[in-house]
Structure formats: structure tokens, C-alpha cells
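Protein sequences, first through last, are from chains A and B.
Each residue of the first sequence is one higher than the one before, counting from 1 in the working numbering.
Each residue of the second sequence is one higher than the one before, counting from 1 in the working numbering.
One should not assume that every hint holds.
What the hints assert, rightly or not - Looking from chain A toward chain B, a few residues come up when the C-beta cut is under 8 Å (computed):
hint : residue
1    : L107
2    : G134
3    : T196
4    : V237
5    : D271
6    : A279
These aren't lab readings, by the way, just hints derived from the structure by calculation.
Computed from a prediction, not measured in an experiment: that's the story for all the values here.
Glycine included, each C-beta is placed from N, C-alpha and C at the ideal position.
Given next are the chains, with one letter for each unit.
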Amino acid sequence: MTDFLLIMVTGLGLGALYFLAASGLSIIYGLMGVLNFAHGAFMMAGSYAGWLTMSNLPSGLSVATRLLVAVVVAIAVGAVIGLLVEVVLIRPLYRHHIQQVLVTVGLSLASVAAAQGIWGADPRTVEKPEWMGGTTVVLGARLPNDRFVFILVALAVFLGLLALLHYTRLGLIIRAGVENRTMVEALGINVHSTFTIVFALGGAAAALAGLLYSQYAGTVSPAQGGSLLIYAFIVVVIGGMGSLVGTAVAAVAVGLVQQLANFYAASGVGDLSVVLLLALVLLLRPTSLKGAHA
Amino acid sequence: MRSAAVLKALPGVVILAVLAYLPYVPAQLPGILPGRVNGPGSLQLLATCLVIAGIALSYDVLFGRTGLLSFGHALFVAAGSYLLTISLADWSLPLPAAVTVAVVGTTLLALVVGGIALRVGGIAFAMVTLAFAQAASIIVLRNPSGVTGGEEGKSLNRSAVPGLLVGVANAPYRYWLALAFVVLCLLVVTLLVRSRAGHAMAAIRENEGRAAVLGFDTYRVKLLAIVVGAFLGGVGGIVHAVVLGGSNPHVTTTEFTLALLIMVVLGGAGSTWGALLGGFLYTYADARLVELSGAGFADALPEVAQQVLAEPLFVLGLFFIVIVYFAPAGLTGLGGRLIRRGRAT
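Okay, chain B solo, but in the shape it has when bound (with noise of 0.2 Å):
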């Protein structure tokens, strides 16, 4: 029992191994990363992109664990980066007070929004969700006494943070923070499943009506799932904060929740590995895919068709459809399947 539980965690952990072992990789890899490998730029692009794939994995707590459509989560990371950076800028407080405030005030803003939005079930609750994200939004962009930086976003204030975390030189560090906090949502996610708790979620996204049949509390667990990914998606701002200096307020649009939304499902809903490798690729094309439509194959298309090709979205929003209608069970499920196939045969 034990060893076959180590078995199973074996390849995880190797891939985790490798991926802190890139840093002393000097290789080159032309076309798939800028420059070598444990280069700046491409520890960098590496880093953002183990940030989104940890919180998209935070968005599957919610959508793929229990089954709840929110289209708000963009409002809890939004919430861990800001309040990190302005309380490090604007009230001059140390880094761990900072990040205390963080993410003590994204936990407490997940309990007030989500007892309100989980009046309602279904569709309902996903529109209310993106309300409240999207007034979030309009206060981040009108700039209320030049506090959130408006469209510009906000810097990290460089100076209250350890030298290690900044600078063009330092990026292996923030890499391994990125990868870090991918560690403590695998973590985090991994023990919540196991937990009674996390059966209940199981049960609400499986059937709602027989869970609270059941006995089960369903309206503290949904709460509690919002609070979970919430609390990980704060912490995942945070970091993104750092990672890329400062706070984007790409993080707090509807588009920005849609976005990991289309990981989750990429990937796999309801898959610790699904939610990482969607927001891991997803993340990934977006930043590289301009590059690759720029490469030459394209030569002989129409140049409309060169234009809309260069737009990473529309080429990652058709190939989201395909794998809604082909592959529901997202890419790991794809994959499972077609191992399972191969040993059938």
C-alpha cells in the first residue's frame, strides 16, 4: 500500500525535480525557449508561466473539485496582488506584513463575497461572481487617488523586497519562488481532496441535491472550496506580483477568469496535473505563439489570415472548442485514454 503510493507519486516528483534542476541547465532550445535555457528570459517566460499553472490549479478547487462555475476568481488574485503591492508601497510596511495583509484580506474578501454570491446556484452564481469581479476591475483601472496605477498597474517597491527576488541577474530565484508556490497548491489541493471535506466537495459537484440529502452542509463546503482557492490564488498573486514586479491589471479582468477557465478545461477539470499543465501550456502559447506564426509556414496564407493567425487568442479559443467537443476530459484525459487504448490492444 505504502510503496504503491510512493510509485504513483514518483513521476511528479520527478518532474518536479527536473524543473528545479533547469536553472543549471545552460542548453539552448532554439524556436521553444529565448535564448538558454537557464537564461534570463527563458527562467522568466518559465516562471510566469508555473505561476498561472499553479493558479489555474486554484481555480480548479472551485470549478473542477466542486463543480462551481465562478467566473470571480480573477478577483482573489487580484486582490493578493494589489494588497501586496500597495501595502508594500503605500504603507511603507515590511514584506511579511505585507504579505500577511495580503493574504489574510484576499481570505476575508473570499468569505464576504462568496456567503453573498452562494445565495444563488448555477448560472446565477457565476454571474454574480463576474459582477463582483468586474467592479473590482473598474475600481483597479480608475486609479482612486493614484493608489492602484490604473491602466499602467502598480510597481513592486523594490527596495522592501530581499535583493535576491529582484534584478535581471536574480531570475533563477524567482523561478524557484514560481515553482515553490506550484509545490504548495499540489499540496494544499492534494490534501484538501483527501480530506473529508474534499469528499464532500466531490459529492456536491457529482449530485447537489443528494448531497445535502445526505446530511452534508453543502453551503459551508462550497464556501469553504471558494475560501481554498481564494486563499491559493491570493498567494499565487502574490508571487506573480514579484515574478513580474509589480501588479498587472490584466489580473483583474473577466477576461484574466475566462482565461483560467480554458486551462482548467484544457488540461483536464478536476485533475491536480490537468489544471497545472493547462495553465502551464496555455500560458506558454500565449507568450510564444506570436513568435511561431512568425516563423514562416504561414508565408503562404492571405495576409488577413497571417493577422488573425498572430493572435494567440483565436488560435488557443478554436483549439479550446475542439477539445470541448473531442477531449471533455481535457488533455490528461486525452492522454489517459489513449494509454489505456494501447493496453487494451
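The following block holds chain A by itself, in its conformation from the complex (with noise of 0.2 Å):
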């Protein structure tokens, strides 16, 4: 019982992460029909920054402080990116959604070269909170705190984002934008600006993500932004792109599937199982890869 609800708690906690890191390419895939390699490259900045604003600041600063201010320093770097890689290379591309993929495919590739080049290949550390590090006590299970972080970091997200789609009017720009682009531009709506709001959005988020997840993993490394891009895209093809709670709902099914396959099965079956979990939702059900509303 205890083990069980240590899994499911990890599970919650990397489906967060799953999330985080899957909402962005939701609403970009969504919104503007881009597919976009290159989240794998905003995580790793995120990453990147928060490890080095934390090992920058001043050591007398206590560990949880310098990563309150990484987090913001990672959700800046990640906006910004977001938002020059969209005016940058994106919008000269616009309705060559094929273009548009390779483009994102070559940064992602030489940006993961150029961390190469700076900060090497091998993962450094990073430094962790010590109360994130510690476990809580819940009936008699003893459960790692940064899990419960995640998921509170990723529900605040996700319900900050249900509120922006559905209470203000950019919201109501994206979702008309998700359902309808053609209509939404006749009626004299400038959706371009609002492609790249959503860009530095899902940087931000994607930033926040990778964040998150070198705290996760202990360390930053180059690849890091990669493998976790992977899952992204298999959680937004389960969810229905361009579907927030379609992606939140894949997210935790995705984290809760891989943890439970890893500990009852075999270490290993668990990403396997979520490929199998993805061919499954294909077989059943093709139509809700087509795109549902946001």
C-alpha cells in the first residue's frame, strides 16, 4: 500500500512535469498548426538559467531563495526565447507548416550543440532546496515533497491557463483561433500577435518544465530537453491537440502509466507501456488526434 502511493505520487508529479512541458506545444500545435521541435531546446533553457542564476547568486542566500529567483529568471529566458524564435523564424514561414517543422528541428539541434560546446556534455548538479529533498509522512507512506511541488506548480498553471482561455479576450481569440484561424483573421482579428503571445507562453511554460525537471533529475545536462520533449509529444498526440484538458488528463494517464508499468513490471516497461498506451488511443480512437477544442 505504501509503495503504491509512493508510485502514484511520483506518477502525479512527473505527469505534472508531463504537463508543463506539454501545454505550450498544445496550444502552439493548436493555435498555429507548428509543430514545435525546438520546446525541447526552451526546456533546456530554462534549465540552463536556473542552474546558473542559483550558482551565481551569493552562496549566503539560502538554496530556497536563489531557486525562488531561478524560477523567474528561467520563466523570463523562456518567454523571450519564445517570443524571438517566433517573430525570428516562425512568422517569415507562416501557412509552410513543413518549413516551419524543420526550421524548429535545425535550433533544436544546434542549440543542444551549442550547451554542448559551452557547459560540456556531462550533467552537472544543481543544487536542491533541503526541505524539497525531504519526505512528508501520509499514511505511513513516505513521500518525496518535491512531487507535491510539482503538482501544485503544474495545477496552478493549468488552472492559470483554463482562466486566460475562457475569461479574457486573448483567450477568446486563441480558442476562436484553435477552432476556426480562416474566420478568425476574416472577421479583422490580428490572430499574429496573439501567435506570438502563445509562443512566449509555452516558452515560459516549457521553461518552467525544464526547470522543474532538472530539479527532478538532480542535474542539467544537454539532452535533458530531448527526452523529455518525447514525452510531451506523445502526452499532446493522446490528448487531442490543441486541447488543454485533453493534455492534462494524457499527462497524468501518461506519468501514472509509466511509474506503475516501471515498478510492478519491469524498469523500462514503463516507457514502453506508454508507447503501447499511444498505439492503443490510435487504434480506438484515430478522430481525437484530429484536434478538439481548447
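Starting from two chains that each stand alone, build the complex the way the hints lay out.
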């Protein structure tokens, strides 16, 4: 029972990270039709920005304070990079979906290689606040505290995005754009500025995911973003592209399936069962992939 | 008509003939190739470039010819490579049987994976193929019961391979094997493109809805493209394993598929020689850029910039972005455009 509880909480924590990584990806895809491979680079940027901030702040500050500053810096860096990528690289290629994918592929390769050149390919250790490394005893199970942090952050981002989508003018335009972009344009609304904002939001969420993932792993490395990106892709496909709620449900499902299978079957089976889950969803409900309502 | 076709094929034949003659050229090309042209180092490098060029051409059957954006082509290359090394080493099959197992296994795998993945189209197809390839990559790296060799890779069982194909002194034979693979890819792709199925593929690439309305069974045509691409990719995996002396887990990774995509776009998607050129140049640059960046011209730059420039993928990634923007038809398309412009003035 205690094992089960631990697995569930870890699965939920991991699902929270997957959600953070996938939410931006899903909205960007739903609205703009861009499959953003550079999302892995955004995550990497977030984790390295956090790591650099934490190691450069005076060590007199407590680790938790430095982590909080690092979170702010990472989010800002992610948003700025997302904005730049959209304006400089994606904007000239509107309506050329394949070329957009290609450019983001090139960008992700180049940025991972650049990080490797600057900081080396080896993982670097990240400091973790004592409290996050500790455990809380719930019903006899010793649960790591960082999982709760991940879940709470993801929940906050989820609710924030939902509120943004449903109670603001921007959200209205995004939802309408996911539904039918041409119509929104025909009504005289400038969708292009919305694209930039969505990319910046996605970049910020991805950077946050990257930073939190480096806390989960205890290290930063150039390859981290890429491995998280693949799960984010799977989550986006299962959840239905462009649907925030679908993404959240799929992220939780993927995180739980992965952890349960890893524990009860064998290590590594979890990763495979996630792929199996994807194949099952495709076979049973191929229509869920055509993009749902945001 | 006949003579025109012969004339058109002539440059290709000449290039292949020159490539086939290279192991007899003892010249030095300092900076371009390590040592003599017919030295084992140069021939090994060239053989690797040729194999990857052929594999890039096999990927172009999907991407450039049929318009299928697949992120899982590495799966089939890896299947060919690992099925060969495993059936030689663990099942002690003779070479012909092992090659048959690898080719048939890869083709069947393509039927199953393609059959499932084609239930969705466009970007979703790309992601599903990515997921399948990722699953294979995970299996290979987990090394179940020591079969795949994990991160170390699986070395070729040398005693099961003819003596001509192993050892440093026999590099020319491996080089010719790689060249033969390129010729096989060229022949298959050329025949396929000219066949009815090839025309159907082009129709699907240009406008899938229209092809469906015209009565093409688009599902089967796309599946055919995947199976042919996987067949050639699997053979490429086999040759790759022989040339490099084993299966390398790198060929299972997503990065490898993405590299194939980059090669095809660099050279020119949907163009036979473009894909070959892209694959060849990419592999060559990946292997040689490190040495070029250490050659001294970058000394004036700060150290960080030097470190970044020493990463071949950084340079290739940026170059690739530039190509996507300014030469969407790739290097061969760019060349063709320059030639036409020269004639016009």
C-alpha cells in the first residue's frame, strides 16, 4: 500500500512535469499548426538559466530563495526565447508547416550542440532546497516533497491557463483561432500578435518544466530537454492537439502508467507501455487526434 | 528518345564510375581526406558517407516522394542492423540466412508499424512514428538479457562474415559494398518513381485529397512507400553494420531520423541525387568539421565561440536553417537554379 501511494504520487509528479512541457506545445499546435521541436530547446534554456542563476547568486542566500529567483529568471528567459523564435524564425514561414517543423528541428539540434560546446555534455549537479529533498509521511508512506511542488505548480499553471482561455479577450481569440483561424482573420482580428504571445507563453511554461525537471533529476544536461520533449509529444497526441484539458488528462495518465509499469513489471517497461498506450489510443479513437476544442 | 535518356543518365554513371575507381587512386588530398585517397582511413570515411547517403535516399522515398513526414525511419535502419548482428552472433545463422532474416524482419516490421501509424495523417503520423522508433531505442538501450549490447552496441561476429569484408586491409571491399548499396537504392528508387505506384505517390504528395478522389487507394500507396523505404533502410542498416563492424545504438535514436530529414532537405527533397548528395555531405561534415575548426582560422575568436563552433551539429543546424529559408529546394535545387539563370543571361 505504501509502495502504491509512493508510485501514485511520483506518477502524478511526473505527469505534472509532462503537462507543463506539453501545454505550450499543444496550444501552439492547435492555434498555429506548428509542431515545435524547439520546445526541447526552450526546456533546456530554462534548466540552464536556472542552474546558472542558482550558482551565480551569493551563496549566503538560502537555496530556496535562490531557487525562487531561478524560477523567475527561467520563466523570463523562456518567454523571451519563445518570443524571439516566433518573430525571427516562425513568422516568415506562415502557412509553410513542413518548413516550420524543419526550422525548429534545425534550431533544436543547433542549440543542444551549442549547450554541449559551452557547458559540456556531462550532467551538472543542481542544488536542491533541503525541504524539497525531504519526505512527508502520509498514511505510512514516505513521500518526497518535490512531487507535491510539481503537482501544485502544474495545477496552478493549468488553472491559470484555463482562466486565461475562458475569461480574457486573448483567450477568446485563441479558442476561436484553434477552432477556425481563417474565420478569425476574416473578422479583422490580428491573429499574428496572438501567435507571438502564445509562443512566449509556451516558452515560459517549457522553461519552467525544464527547471523543475532538473530539480527532479538533480542535474542539468543538454540532452534532458529532448527526452522530456518526446513524452510531451506523446501526451499531446493522446490528449488531442490543441485541447488543454485533454493534455492535462493525458499527462496524468502517461505519468501514472509509466510509473506503475516501471514498478510492477520491470524497469523500462514503463516507457514502452506509454508507447503502447499511444498505439492503443490511435487504434481505438483515431479521431481524437484531429484537434479538439481548447 | 533513347539517346536522350542515355545522355541524361551519363553524368550519374560517370560519377559512380569515378567513385568505383577511387580505391586505385594513391593521391593525397590534405585537409579533405585523412591520408591517401585509397588509404583505409579515407575509404572507411567515404564508405560511411555512402551508406548514410543511401539511407537518406531511402528516407526520401517517404518524405520527398510521398510527402510523409516520418520521424521513425531510424527504426528500420536499426532493425536491419541489429537483426543482422544478433542473428549472426546469438542465433549463429550463416550470413545469407542472417541477411534474409534482417531484410524480411524489417519489411514485416514496416508493414505493422506503417499500418498502425497511417491511421492518422500529417503531424500526428510524424509523432506516432516517432513514438515507435523511441520504443525501439529504449529496448536497444535497456539491453534485454544482453542481446543488444546496450550503449556499447553489438559488434559484428567476424568469423561469420567472409574474410574480404573484415580487417583494415580490406577497406576497399567494404567501400565497394557501400557503393553497391547506393547503386541498389538508385535503381530501386528510379524504377519506383517511374512506375504507376510512383506516380500515385507524387499525386499524394501534391494533393492527397485530390488523389483519393481520383480513385487512388492512398492508404495502400503510402504503405507501399513506407515498406519500400524501410526495405532499403534495412539493407542500409545491414551494410552499415558490416562497414562499421557492428550495430551502433546511435542508429536507433530520434537524432538519427532527424539527421536523415536534414540530409534530404539539405540536398533537395524529392530529388534522387539531392538526397544522396545531402547524406554524403552531412556525414562528411559531421566527421570532418571538428578537425577543420581546429585548423587555426578560428583562433582569433573567444574560447566559448571556438567550443561552440567545434560542435559539428551546431554548424550543420544553422546551415540547415539557412537552407530552409533561402534554398527550399536544397543544394541540388539551388545548383539547378544557378545553371538556369546562367543560361538565361
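Hints, one by one, checked against the model:
1. L107: Where the cut-off is 8 Å and the nearest Cβ of chain B is about 7 Å from L107/A, the hint holds.
2. G134: 31 Å, violated
3. T196: Nearest chain B Cβ about 19 Å off; hint violated.
4. V237: It holds, given that the least Cβ distance between V237/A and chain B is near 5 Å, below 8 Å.
5. D271: 5 Å, holds
6. A279: Holds. Min distance 6 Å.
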